[in-house]
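The residues making up each chain are set out below.
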Amino acid sequence: VSILIAEDDATSRLILAAILTKWDFAVETVERGDEALARLQMPAAPKLAILDRKMPGMEGAEICRRLRAAQDNEAPCYLILLTSQDDAASVVEGLEAGANDYIVKPYNPDELRARVQVGQRMVQLQETLQQRVMDLQAAAAHIKVLQGILPICMYCHKIRDDQQSWQRIEAYITRHSEAEFSHSICPDCLAKHFPQYAAGEKQL
Amino acid sequence: MGMNEQLYDGNALRHRLMNDEALVVLVAKEFLADMPRQLTSLQAALVADDAAASGRHAHSIKGAAANMGTMALSCAAAQMERACAEGRLAEAAAELPALQNLWRATRAAIETALPVTVERKSA
Chain P
98 VSILIAEDDA
108 TSRLILAAIL
118 TKWDFAVETV
128 ERGDEALARL
138 QMPAAPKLAI
148 LDRKMPGMEG
158 AEICRRLRAA
168 QDNEAPCYLI
178 LLTSQDDAAS
188 VVEGLEAGAN
198 DYIVKPYNPD
208 ELRARVQVGQ
218 RMVQLQETLQ
228 QRVMDLQAAA
238 AHIKVLQGIL
248 PICMYCHKIR
258 DDQQSWQRIE
268 AYITRHSEAE
278 FSHSICPDCL
288 AKHFPQYAAG
298 EKQL
Chain B
112 MGMNEQLYDG
122 NALRHRLMND
132 EALVVLVAKE
142 FLADMPRQLT
152 SLQAALVADD
162 AAASGRHAHS
172 IKGAAANMGT
182 MALSCAAAQM
192 ERACAEGRLA
202 EAAAELPALQ
212 NLWRATRAAI
222 ETALPVTVER
232 KSA
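Chain order of the listed sequences is P and B. Using our numbering, you'd call the opening residue of the first sequence number 98 and step up by one each time. Using our numbering, you'd call the opening residue of the second sequence number 112 and step up by one each time.
None of these hints come from the bench; they were simulated from the model. Errors might be hidden in some of the hints.
[Stated by the list, open to error] 20 Å max Cα-Cα, derived EDC-like pairs, lysine to aspartate or glutamate:
#: 1; chain 1: P; residue 1: K119; chain 2: B; residue 2: E132
#: 2; chain 1: P; residue 1: K119; chain 2: P; residue 2: E208
#: 3; chain 1: P; residue 1: K119; chain 2: P; residue 2: D131
#: 4; chain 1: B; residue 1: K140; chain 2: B; residue 2: D161
#: 5; chain 1: B; residue 1: K140; chain 2: B; residue 2: E222
#: 6; chain 1: P; residue 1: K119; chain 2: B; residue 2: D131
#: 7; chain 1: B; residue 1: K140; chain 2: P; residue 2: E267
#: 8; chain 1: P; residue 1: K255; chain 2: P; residue 2: E277
#: 9; chain 1: P; residue 1: K119; chain 2: P; residue 2: D207
My request is simple: use the sequences and hints to build the entire structure.
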C-alpha cells in the first residue's frame, strides 16, 4: 500500500515521511491541499492518505468531502486526518466530511503505526472485495448470455451470436459456458444414417 | 518538566523517530532551516493585517514545533493562532517579538543538544 502525505509544514512532513518509509511504506508527499485532491483523483492514486487538517489550497476535511462526493465504483481511498490537540471540534467535522480516522499531533509512533495498519487492512479488504464483485459480475454476465433468448436455425440448429454470425450449437455452448462436448450417436440417428449397424446395436 | 525540556525535549523527538539518531539530526536541520521562513511568513501576514494567513502560519509553526518536541514554542504559536482566529490581530502582532525570542532560545537549545550547524542569516 502506498501512502500520500499532504502536509504544508516541512518538518512535520519530513518526520511523517521518514517514519512511514522506515516501516516500508511507499510514500508520496505534497505540500498543498489542492495538490492532494488532484493526486488522489488520478489513476493509480495511493489508496491511503494522511491529510493535514489546515493546509493552503484546500483543507483536509474539504478534500474528504470532495473525494466522497465524487466516489465512483473504485475502492475508496482510506483517509486519515491530522489534527492538533486543541482542535477536537474539527475531528467531528472531519469524520462527517468522510475521513475514516484521525491522528492528533504530536502523535505517538505506536499509535500512528496502529492506525495506519488499520487503514492498510481496510484498503486490502476493499481491494479483495472489489475483485470478487468484478468476478461475480463477469460470471453473472456470462450466465445471462445462456439464459437469454438464443436465435436458433430451425433446420440446422446453428445459433446466431451477438456478432451476427451463425455457429454450430456445440461451438456456441462451449464458448459461452464451462461445458464441453463429447460426440456420440443416438439410436434414432444410427438407424437413420447407418441402418446396417442399427440391427444389432442399441447404442454406440 | 524544566525550562530546557520545554524548549527542546530530545527524548520525545527521539521516541517519535524510533531512536534513529541520524534521522533526529536530519529532522532538526530541516526544522532549523524552515522555521525562520515560517516566522518571516507569519510576520509578513501580520504586517499585511491578514488574519487568515497569520492564523495559518501560526498553526504551521505550532504543529512543526510540537512534532519537533519544542513545546514552549508550540504553545506560544498556539496562543497566537487563537488570537488570529478570534480577530485579535493587534494582540497577535504584539506577541511576535516574544515568539521570535522564544525561537532563538529554542534554536540555541537544539544546537546545544545536537550536532547541527546551520548557516544563519538574520533570523
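### Task
If any of the earlier hints don't hold here, list their numbers in rising order.
3, 4 and 7
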